[in-house]
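Number of protein chains: 2
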Amino acid sequence: MGFEYLFHPKGIAVIGASNDPLKLGYEVFKNLKKYDGKVYPVNVKDETVQGVKAYRSVLDIPDEIDLAVVVVPKRFVKGTIEDCGKKGVKGAVIITAGFGETGEEGKKEERELVEIAHRYGMRLIGPNCVGVVNTKANMNATFITDPKKGDVAFISQSGALGAGIVYKTIKEGIGFSKFISVGNMADIDFAELMDYLADDDDDRAIALYIEGIKDGRRFIEVARRVTKKKPVIALKAGRSESGARAASSHTGSLAGSWKIYEAAFKQSGVLIADTIDDMLSMARAFTQPLPKGRRVAIMTNAGGPGVLTADAVDAKGLRLANLEEKTVEELRSFLPPMAAVKNPVDMIASARGEDYYRTAKLLLQDPNVDMLISICVVPTFAGMTPTEHAEGVIKAMKEVNNGKPVLAFFMAGYVSEKAKELLESNGVPTYERPEDVASAAYALVKFAEDKGLLEE
Amino acid sequence: MGFEYLFHPKGIAVIGASNDPLKLGYEVFKNLKKYDGKVYPVNVKDETVQGVKAYRSVLDIPDEIDLAVVVVPKRFVKGTIEDCGKKGVKGAVIITAGFGETGEEGKKEERELVEIAHRYGMRLIGPNCVGVVNTKANMNATFITDPKKGDVAFISQSGALGAGIVYKTIKEGIGFSKFISVGNMADIDFAELMDYLADDDDDRAIALYIEGIKDGRRFIEVARRVTKKKPVIALKAGRSESGARAASSHTGSLAGSWKIYEAAFKQSGVLIADTIDDMLSMARAFTQPLPKGRRVAIMTNAGGPGVLTADAVDAKGLRLANLEEKTVEELRSFLPPMAAVKNPVDMIASARGEDYYRTAKLLLQDPNVDMLISICVVPTFAGMTPTEHAEGVIKAMKEVNNGKPVLAFFMAGYVSEKAKELLESNGVPTYERPEDVASAAYALVKFAEDKGLLEE
Numbered sequence: 001m002g003f004e005y006l007f008h009p010k011g012i013a014v015i016g017a018s019n020d021p022l023k024l025g026y027e028v029f030k031n032l033k034k035y036d037g038k039v040y041p042v043n044v045k046d047e048t049v050q051g052v053k054a055y056r057s058v059l060d061i062p063d064e065i066d067l068a069v070v071v072v073p074k075r076f077v078k079g080t081i082e083d084c085g086k087k088g089v090k091g092a093v094i095i096t097a098g099f100g101e102t103g104e105e106g107k108k109e110e111r112e113l114v115e116i117a118h119r120y121g122m123r124l125i126g127p128n129c130v131g132v133v134n135t136k137a138n139m140n141a142t143f144i145t146d147p148k149k150g151d152v153a154f155i156s157q158s159g160a161l162g163a164g165i166v167y168k169t170i171k172e173g174i175g176f177s178k179f180i181s182v183g184n185m186a187d188i189d190f191a192e193l194m195d196y197l198a199d200d201d202d203d204r205a206i207a208l209y210i211e212g213i214k215d216g217r218r219f220i221e222v223a224r225r226v227t228k229k230k231p232v233i234a235l236k237a238g239r240s241e242s243g244a245r246a247a248s249s250h251t252g253s254l255a256g257s258w259k260i261y262e263a264a265f266k267q268s269g270v271l272i273a274d275t276i277d278d279m280l281s282m283a284r285a286f287t288q289p290l291p292k293g294r295r296v297a298i299m300t301n302a303g304g305p306g307v308l309t310a311d312a313v314d315a316k317g318l319r320l321a322n323l324e325e326k327t328v329e330e331l332r333s334f335l336p337p338m339a340a341v342k343n344p345v346d347m348i349a350s351a352r353g354e355d356y357y358r359t360a361k362l363l364l365q366d367p368n369v370d371m372l373i374s375i376c377v378v379p380t381f382a383g384m385t386p387t388e389h390a391e392g393v394i395k396a397m398k399e400v401n402n403g404k405p406v407l408a409f410f411m412a413g414y415v416s417e418k419a420k421e422l423l424e425s426n427g428v429p430t431y432e433r434p435e436d437v438a439s440a441a442y443a444l445v446k447f448a449e450d451k452g453l454l455e456e
Numbered sequence: 001m002g003f004e005y006l007f008h009p010k011g012i013a014v015i016g017a018s019n020d021p022l023k024l025g026y027e028v029f030k031n032l033k034k035y036d037g038k039v040y041p042v043n044v045k046d047e048t049v050q051g052v053k054a055y056r057s058v059l060d061i062p063d064e065i066d067l068a069v070v071v072v073p074k075r076f077v078k079g080t081i082e083d084c085g086k087k088g089v090k091g092a093v094i095i096t097a098g099f100g101e102t103g104e105e106g107k108k109e110e111r112e113l114v115e116i117a118h119r120y121g122m123r124l125i126g127p128n129c130v131g132v133v134n135t136k137a138n139m140n141a142t143f144i145t146d147p148k149k150g151d152v153a154f155i156s157q158s159g160a161l162g163a164g165i166v167y168k169t170i171k172e173g174i175g176f177s178k179f180i181s182v183g184n185m186a187d188i189d190f191a192e193l194m195d196y197l198a199d200d201d202d203d204r205a206i207a208l209y210i211e212g213i214k215d216g217r218r219f220i221e222v223a224r225r226v227t228k229k230k231p232v233i234a235l236k237a238g239r240s241e242s243g244a245r246a247a248s249s250h251t252g253s254l255a256g257s258w259k260i261y262e263a264a265f266k267q268s269g270v271l272i273a274d275t276i277d278d279m280l281s282m283a284r285a286f287t288q289p290l291p292k293g294r295r296v297a298i299m300t301n302a303g304g305p306g307v308l309t310a311d312a313v314d315a316k317g318l319r320l321a322n323l324e325e326k327t328v329e330e331l332r333s334f335l336p337p338m339a340a341v342k343n344p345v346d347m348i349a350s351a352r353g354e355d356y357y358r359t360a361k362l363l364l365q366d367p368n369v370d371m372l373i374s375i376c377v378v379p380t381f382a383g384m385t386p387t388e389h390a391e392g393v394i395k396a397m398k399e400v401n402n403g404k405p406v407l408a409f410f411m412a413g414y415v416s417e418k419a420k421e422l423l424e425s426n427g428v429p430t431y432e433r434p435e436d437v438a439s440a441a442y443a444l445v446k447f448a449e450d451k452g453l454l455e456e
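Residue numbers (the working numbering), protein chains in the order written: chain A, 1 to 456; chain B, 1 to 456.
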């Protein structure tokens, strides 16, 4: 079941590697030159590809090849897979499109590819996909840009949507451990990948973008096992009737009724995301420990965002913690008279890093609090930057160190970027919208609940 | 009722203008130096402020002053307002805090300020606010950064949240015509501002962030009148019980039950936003004409985003248009065989600007289509940028020119920035998330419906 040959291959052959910048094989090879291991270009015409000695066939490569990335025109794919099998390649990522997604004839050709591969004990990703990325090994076997490094493994059934999400997350500073565009899933599918990722220390959570699953029973069976170890978050497209019809025409897979998927996800402990951002927000939460309950404390330097976050937390079925009288008194002792010392604690705009530190510490120490959300909007007093507020939260978290999760909602775009980086490098997932931080809190609570960890 | 003195004042006095970069009066005066009109610093100690001749009192200014921006310490506010009255100032924006939001005593002091002002026929914004911005006049009478220019007037009851949204929108390329932080609303409130903005050509829509409204009946009465002319979109914080409690402690206003607000908004034709992004997405839609029905056509170069958008459109109660047979045939004539020619039209990844142009044109011409959503994810073929796709849509829109609204969802972060700018400068609101473009479509339909413009 080990997919080491996919994510840490000993040697990679790029079949269809190109010197022509307008070809996908150009981008793929360019990306893979950064890989920690060995990469070999295969090109039927050119002696070298991008300055590297090229081979006419994968069979000509003198060294061991674990993984082949196939970007040749469709008519050459079958022969290429046959060659890969003979070479002893263990896995092939077929980027080339024009198979199962085109109709019955394409489905047949796709099945033939799988048969050839299996005859040689080889496994396939794709066809019709963007490729595979393992950021921890600097392996970008796709024709798109490098995702940022992170802790979430993201499997996408839509290559373009996956690519769009990669570009979007670069702008937003969100990272991935792996990005796997599974395309038509002719061979390797969600279930098998999840099973592997469950035991891979590089990934803290698994995010799935799903259009349609062929073997529902197997998905449920595997997901049930995987979610005992690691959170799985699914965004299912085609929840509406018109969406389902579109999804079915897109991937050729039966989208099926949302009710059936919903039941399957719930049965198997898969967390359901409503939007792309919801999926990312939930998946990113798991750098924090799991809470023992659903009582959330909110601290903020501005009332409005605190109120919106309280609303969002409530909408997710979590509760605002009732702070202990002792906590309230101690907060009152150093916060200004205009501050609100009930949950949400509004330290008001004058709050400095030291106030964040003291408040976070008191809230984390309160036995009625299971989890902390720290909010900061752009400090409005000249000379302040949100970095000191981030530092205050981190200091408190490290000192108290009692296993309660801390999430952050730092508003204000570019002003908060440094603070956000600081929080995230200390394992505090940081969001820019009330509903996103609430989704993250919900994901932690729900996963803890499913594991039987909630004490209530 | 004219608020010309607030948004196009003949002269502005910054009372408390400062040379000390750590004071708010420094930022306010620095910002206002860019104003199209005249600005005078008032400072009791310094001869000049930031290189400009300063006055010891507003009474010493030789010229006419329409607007005073007050950033003096709290104990000087009363005397300052008295002086402003004597000077014949028409409006004052009181940034200084420490009034109604602190309790009964503060409420009393606040009422005194209003009484003084009214005695002189002067009106007040604030106290306890961030200030007022009119981007069309380069007037930034706040201590925060300049918002981007746009068509939406945004009134915020939370200064910090408003500021956070301004910073956030700069990062996202979203603009405002006006930003009005109303603070405690001791005098001028939502209703009066809406009434003025309804007839102001600079603003296409009015967005409100509301924590609590004092005079609900008056709000409804005015909103009903305003929404006949211009869309009003409200984000109400404190919808949950815990949120309402927090809101009430924050602004001192009674938050009231969400059910009551919801009914009031619906009665008066105010569009309800669920999140900050929802509010912005809806408000930005109105650079497009209103649709005659709720039938949406979706075109895309990638299946996944098309499916998610179909889901989001459906969730908003809109419908996917059933394309005419003629449209389907013509699409089939030039799109590749793998394209989906039913709605959503998936032109697949190979689609170029020309395909966007031809497809958009056909969809806009289809009598079964009331509105078009054009989607583009990062084009995956080397040498393509989303700019040509944007150009195709714009060309089709201009040629067809039949009054059907066009919205865009261009995914992929920084890769799409140029395309987004191009679309927006041609009046096409462009979004980065399926739920946002769906909210925009919903806002157009709902506003048209409320005006009795839907033909079904």
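Hints in this document: simulated from the structure, not taken from any laboratory. Take the hints with a grain of salt, since some may be wrong.
Identical chains share a label here; the pair holds if one copy fits it or two copies do between them.
Stated by the list, open to error - Derived pair list, reagent style BS3-like, types lysine-lysine, alpha-carbon separation capped at 30 Å:
id	residue 1	residue 2
1	Lys259	Lys86
2	Lys86	Lys229
3	Lys316	Lys228
4	Lys38	Lys451
5	Lys108	Lys228
6	Lys342	Lys230
7	Lys214	Lys74
8	Lys149	Lys418
Going through the hints against the structure:
1. Lys259 - Lys86: neither (45 Å within a copy, 69 Å between copies)
2. Lys86 - Lys229: Classified as neither: same-chain Cα gap 37 Å, cross-chain 73 Å, threshold 30 Å.
3. Lys316 - Lys228: Within one copy only: 22 Å inside a chain, 35 Å across chains, cut-off 30 Å.
4. Lys38 - Lys451: Neither way: lysine 38 and lysine 451 sit 41 Å apart in one copy and 66 Å across, limit 30 Å.
5. Lys108 - Lys228: neither (37 Å within a copy, 59 Å between copies)
6. Lys342 - Lys230: neither (35 Å within a copy, 39 Å between copies)
7. Lys214 - Lys74: Result: close within a single copy only, 24 Å intra versus 68 Å inter.
8. Lys149 - Lys418: both (17 Å within a copy, 26 Å between copies)
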